[in-house]
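Q: Could you build all of it, start to finish, from the sequences and the hints given here?
Residue numbers (this note's numbering), protein chains in the order written: chain A, -1 to 202; chain B, 104 to 629.
You may find that some hints are simply not true.
In silico contact screen, one side only, chain B against chain A (beta carbon under 7 Å); selected entries [what the hints assert, rightly or not]:
1) M295
2) G308
3) R310
4) E587
Keep in mind the hints are simulated off the structure, nothing from the lab. For glycine and all other residues, C-beta sits at the position ideal for the given N, C-alpha and C.
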Amino acid sequence: MDTPKATTSKAPDPWDIGFGVLVLAGSLLAIFVWFPADIKGGFFNTTPLGRIEPGDAFFPILLAATLGFLSALQVAISLIKGSPSPSPGSLGKLTPHNIRFLIIFLSICATGLLIMFVLGPTVVWVMRELGLTDAEYRYLTDTAPYKYIGYVVGGFLMTVTLIAWTEGRVRPAGIIAVLSVLVVAIVVFDVLLTNVLLPPNAEF
Amino acid sequence: MELVLEYVIRGVADVFTTSSGAFDWMPLVMVVAGLFVGIIVGATPGLNGPFAMALSLPVLIWVFGVSDDALLPILGFLIGLMKGATVGGAVPAILFNTPGTPDAYLTTLDGHPMAMKGEGPKALKVAHFSSVCGDTFSDMCLFLTAPVLAVLIESVLDLPEKAALIILSLSFMAAVAGNSPIKGLMVGVLGMLLALMGTTLSGNGPRMTFGIAELGNGLPLSSAILGVLIVGEVFIGIEEAARERLSRDGPKEAPALGDNRLRLSDIKRIMPNILSSSVIGTAIGALPGIGTTLAATLGYDFAKRTSKTPEKYGTGIPEGVAATEAANSSVSGANLIPVMSLGIPGNFAAVFIILAVESVGDFTLGPHVFRFTEIKVIEGYGTIINKDLVIAFAMFTLMVIANVFNWTLGGVVMRSLGVLARVPKSIMLPVVLLITLTAVYAQDGGFIAIWVVMVFGLIGYVLKRLDISILPFVIGFLLSPRLEELVRGGYSASGGDPLFLLKSPIALAFLLASGFIIYFATKKAG
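A: Here it is as structure tokens:
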């Protein structure tokens, strides 16, 4: 929260300018494309008594215009005065390493969440095909073990993979920790709290 | 004075009775539970107070509901948690030289060398004593200043002035948190824009939803805040843990040898440092956006510069531990001054206090809370009373109770938790992510909450990597609906005058101050 004040670096930082340009473009796009298409009320509305009052687009446009002005100012200051050096321990930019991390990290999360979402319905579908049940998944979202399948397998795989990737190895301690947390989460969110569903059961 | 006393007595009584008049022990139990959980959270690397507050809020709402009777047990737990986490943060810093939070880094400077000299338990006792002293001092300042400030503000602020005050607060936060005030303001405004998705004041249907029906009610507030605040930090933590393979070089515990009693002579020795750091921390805490790290830095620096033996700082002396712990702990109570008197959160813990208050019961924070309405009993109607003021005094009572338990039991709990500091971040952070995703799904009832938490986590990660503070973003997101109401209301009330914000001298002064703050902070930064 508290970052030591930076010292001055006179060269304009491309990331600094890029951030400003991106936000400026985004705010212009919002004012001229997004808001007209996605806000039903106007900038001003006329009441039945003939009074002019601010509409639903009033505040978003004010904010987007402010954002545009600030980003233009940010770019101008960076170009004229140079960019402040980043705080100690920070580079002030996204490195290829960061991008690579994000791709791997988000892929692991997305795969885990996908398994969480589809596994329960898939298991029930296979069982239906094999004649082991005649119920659909949406009728089993509050029935064990079906309601736990996706959450436990998807959550376990996602978390253990992240731990193994972080540590560079798979340790029993990590597996035990994740299994314990899954059991506690089931007890808290499914057993103790009666009107709550574990993922992905509220979707069906 | 009698009226003030009457409200104080009713506030204290409110903690121990239900709305039907029966004795209620639940708020008391919840304060203690929150305090213990907070100490455990603070002592565990990878966890922190705001994270635990964010996760426990939905669970507390499910357990207690959203009636007026639920508010005090929920606030009791959150207040206890906030205080406990501050105290617990010293454990890993002192015993294992692994500060869980940036402000605890300063505690390692003298705390860990003390542990290495075999004085670990004594360092923990000094940290606990100083922390609770600072916290209590800060709470006293809150009790005294918040009502006075609120009454003053309530008497002079109308719609334009309140709108300008929010702009001033945001500008101040942007100026002090981060190294580029303009970028801080930009993300503050961006947070405001995102908060407008879905909701409309006119009932013309949802806006800015890209046609996604699930966003019709707006972005789920707690998922968004949890995402940017907690999940963004989890992203960063996992990346750094993966890079450093932290778990492989686990922290080593120092032997606990020697005389570890905290004697009266020790207390006399550290008391001047505790007092000076408490004043510094309280002053810093009362300003929105400035957090514990600066308080700890200034407290330590002041103690060192006024010491007759400054060269001993950093070698393992109790004065160093006392100066940092008193300073960072005295921030927490004072941080509630802008919340209680203005309804504007100054830090992350305050954000969750506001979320709790907005979700449960009829109580709302802001200057109106401290209106000392004369208490009148009208036959056939009931009692005319400012119920919000009674709840405010009940909140103060909860804080005092938390302090009493912190004084008496907090130290024992804290000293028994050294083992938690050994939990590696490489396990803790992915587990935190799993718990967060489960909690937001259960709270908001759908995958939309998971997507929101991940997208906002990504925003938090990117902002952190670009060296932009996330505090203005969070505060902007939280205050945006209120600012829209004030601006639209003020515009309409002025008869459609586009310069209505500039017509009020006070609002104009606030706006000019905002401009000056940003100008000078930008000049200083670049």
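Q: Output the numbers, in ascending order, of every earlier hint that fails for this structure.
A: none
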